[in-house]
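Residue numbers (this note's numbering), protein chains in the order written: chain A, 1 to 143; chain B, 144 to 286; chain C, 287 to 699; chain D, 700 to 1112.
No wet-lab data here; the hints were simulated from the structure.
Among the clues, some could well be false.
Examples of chain C residues toward chain D, derived with CB under 8 Å [said to hold, decoys possible]: (1) Ile308; (2) Ala358; (3) Thr407; (4) Pro410; (5) Gly481; (6) Leu599.
All C-beta atoms in this analysis are idealised placements derived from N, C-alpha and C, irrespective of residue type, glycine included.
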Amino acid sequence: MLYSDKVMDHFMNPRNVGEIDDASASGTVGNAKCGDIMKVDLKIENNIIVDAKFKTFGCGSAIATSSMATEMIIGKSLDEALGLTNKAVAEALDGLPPIKMHCSLLAEQSVKAAIKSYYEQNGGIPEDKKNLFDVLQEDEHSV
Amino acid sequence: MLYSDKVMDHFMNPRNVGEIDDASASGTVGNAKCGDIMKVDLKIENNIIVDAKFKTFGCGSAIATSSMATEMIIGKSLDEALGLTNKAVAEALDGLPPIKMHCSLLAEQSVKAAIKSYYEQNGGIPEDKKNLFDVLQEDEHSV
Amino acid sequence: MAITSRVYLDNAATTPVHAEVIDEITSVMREYYGNPSSIYTEGQKSKELLERSRDIVASSINAEGREIFFTASGTESDNWAIKGAALRYFGQKMHIITSRIEHHAVLHTCESLAKLGYDITYLPVDEDGIVSPEALAAAIRPDTAIVSIMMANNEIGTIQPIKELASVCREKKVLFHTDAVQAAGSLPIDIIDLGVDMLSLSGHKFGAPKGIGALYIRKGVRINNFMDGGGQERNRRAGTENLPYIAGFAKAITISMADLQIKADKLTQLRNELIEKVMNTIPHTRLNGSYEHRLPGNANFSFEFIEGESLLLMLDHMGFACSSGSACTSGSLDPSHVLLSIGLPHEIAHGSLRVSIGTSLTSEIIDQFVVSLEQIVMRLRQMSPLYEDFIKNKTTPIIPCTKCYKEQIMKEV
Amino acid sequence: MAITSRVYLDNAATTPVHAEVIDEITSVMREYYGNPSSIYTEGQKSKELLERSRDIVASSINAEGREIFFTASGTESDNWAIKGAALRYFGQKMHIITSRIEHHAVLHTCESLAKLGYDITYLPVDEDGIVSPEALAAAIRPDTAIVSIMMANNEIGTIQPIKELASVCREKKVLFHTDAVQAAGSLPIDIIDLGVDMLSLSGHKFGAPKGIGALYIRKGVRINNFMDGGGQERNRRAGTENLPYIAGFAKAITISMADLQIKADKLTQLRNELIEKVMNTIPHTRLNGSYEHRLPGNANFSFEFIEGESLLLMLDHMGFACSSGSACTSGSLDPSHVLLSIGLPHEIAHGSLRVSIGTSLTSEIIDQFVVSLEQIVMRLRQMSPLYEDFIKNKTTPIIPCTKCYKEQIMKEV
Ligand SMILES: Cc1ncc(COP(=O)(O)O)c(C=O)c1O
Ligand SMILES: Cc1ncc(COP(=O)(O)O)c(C=O)c1O
């Protein structure tokens, strides 16, 4: 198979699809031109992500990584969530075909974009965290 | 099949193989370098070819055309034998593969070479026949 | 909801090998092992079957045996035709004309020639995917070595006016090649009528296995060899002949040509039914390609707001095998060059679906398919941030909502 | 005198397809129709078989899966390796080195590159047909793009010192390709040990059908694509994959590698018996090629005073299928370039016979064969004007009359 069973499970039965009406922050990366967009809404309380929902326009692995990434950050502190890497998401899915690795980048980026916007609305990005958001420029996909 | 039944018959059971001890004339054309040599001995009485024998080093069609050509000239006058063309030999064999047509040229040439040598030993080539021997120069095979 | 038996709707990608063709290939593998170049009995037996097969293929496109050269694929036929013609005039005629919607076997061949210094003109197509003979005439230059325009497109099924295009080339004395890989088995091919110089075929599009093709080269047309080596195929295509597949190719072309018109009519009717049902059921759907000049078995849709690969995966899960022009299925970032060339914006091209049907399709299966398709498209739209924006009135859709299909037809006919 | 069952002694030309391979191919044709590039179930199932087959082929020559690329023939592998390497350096490195005794798939490829401006060095061989590593070292220039020397010769069976030749190239940092089409199935191939950059294989020499080959390309080696088009074979060899034959190729290579040494020993013994009997029975006979560095199944003789095609035809009539380097069987005026390159005069080269045996040969059949061969050679000599000249003492023979064989061996070992 092209994808692992875990990818197929998260693709066919994605967790956390949807929107959060009173989201604390939201991040969107990718663009339709390139064939993938991911939007993530976060509900943050006391620096803890208490809920996350996503919507994704994209291929099987884009949807599966969106699902897995939201699963991985719910219940985590912002610092922990900022530590989420695309590699970790892909590994949690039992791997992705090499050609699909860029889709997992999208998941990492959208979470970071949401947290960045949360910081910006809440007193600015802490100086020691600024470099963590470099990844948002790394990929041609970023909006 | 590569060859017609008639070619195969004349190849497997060639007529007139051998030498004529008291040949009136003999002609050899081709060379070993090119992979085919044909030698024909003629017994001529009163301008009639009463016997013909050949030896041939060459491929299937070289042997078959040698056999057929000798068959075709036995009992013929020299004038008639000089009219033997490679096309006629090939046709009498129900055709040859295009790539093998040059082998039938060898048969025509060797008969002409023998008759030429007969003329040369018996008062020279008649003026009106000279052009008939042009074919002996035509082919790079000629000795 | 997954159906038990699978429905194969990707006949443009490849077809199952016909049962009779399998039998033919198997028996040739068993009984004809002689090398056709060998002069002994086994070799000559093989040679005879080879030439018989060649004559069958030739007569099915109204050509002569000596104009048919067997190759190992449609790709090889395309490579040979174009590189063979171009390299023959290396240093003299360094211009090649093709279209923007050719198969990669043609486009990438042209690109590799460009690296050797050739200048390539990629003719545009209209929104139906059609190349204009006038545009071709205008593009031909004194140094044009070859023109290559496909007979029918593999994604959107558009059929080109090959006869007109070939006549432009004949008038200007430029070689004309057509990739008829998708056409063969669906459309009648008469090379005398078409007036082409070269024509590519591939067996696996009409019931032969993958790995056998042919190139028609009109007698008198001289191009360089592509496969250099032994003297096979009258010194023009080297390599020991693949006799089992060649015999299978002949068998498959015979079968597929046998009741071509009946099959084509049936396919067209089923295809139209499918198109009608899909377009009437799913809003914001577009039919890509020409309605009129279209391969009988081809339908190609774009569903706005969703991406093609996820659509394919879900269809597969439901038991349907289809294809997409989505970038993700090809491993590139850009979606199908064909869909972009007929003017689709990237986001619409990403959400495309090609359904290429066979004659075993029924109205019942079409209905099952459309039900599944509708569910899947709805599901993916519910997941799509683009659809959310549209629903929240933040954007207006690119593909109109309803009756798009009928409007489209009205415009065309 | 014709025997009833035929004896096939032309395994170097092609081998019958192995029964197990036929079954494998047939079942793949039946059960794997999905295009390996398709993402749905049928496609992925095909893809898995494709990759499994690739790994099998890889491990049989001690390579990695990603170093194996399937092609449609040995000819294609040779074309790709040489053109791919040469064209990558078009305009920069315009020199190619090969040997005089390569297969036409290599020689004609070089000739077609010569037309594009490449300079070709054809290394000479010694009387056994061996290329000297020193001569190769001396021929390499700063602008040498690739060296191609075959592993074993298809006519005279001579095995080259590939390891030494490859090491010369590695030292001088020049790409080295070897055509191992004749070697595979007869000799062990370990690409790590050999140290080659590229290696060509063809299935029909070891029980797969004609029309499937492979090119090993060492990881890290970059050459241009030859077959341009779709993204198959990791974007390096376009064309929908011929899965039935690919699976058959893997099966055949597995079978042929299984008891390679046992088979090779058996073939060598039978081959030596054959050589001994032929040489002791028929005067003025020469064994062509090396006695020591020789493919186990190959014997190649020249019979003075006679021509090869007539010999083959008569042998065929007697039930034996063999081959010759006679000009007449190739349709040219010159006999085999291989026989001329090892120093045979034209007239001796014309009278050559290649016997390439399989393991089903027995001493009994060898005896029958030698009886028939002797009769035929005698008959043709009786018909030959060259023999007449010799008998009449007009000429001296080129090949000594008796014990030629024993003298030959003594000289070699
Ligand atoms: C040494 C050698 N190289 C290349 C080839 C060509 O292989 P194929 O017939 O598969 O094209 C052959 C046999 O035909 C061969 O013997
Ligand atoms: C239009 C067109 N040309 C060329 C090809 C290549 O044919 P093959 O897969 O036989 O190489 C295909 C299909 O793959 C095709 O659809």
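Now the hints, each set against the structure:
1. Ile308: Holds: closest Cβ of chain D sits about 5 Å from isoleucine 308 (chain C), inside 8 Å.
2. Ala358: holds, 3 Å
3. Thr407: Cβ of threonine 407 (chain C) sits 18 Å from chain D, so the hint is violated.
4. Pro410: violated, 22 Å
5. Gly481: Because about 26 Å separates glycine 481 (chain C) from the closest Cβ in chain D, which is outside the 8 Å limit, the hint is violated.
6. Leu599: Since chain D brings a Cβ to about 7 Å from leucine 599 (chain C), closer than 8 Å, the hint holds.
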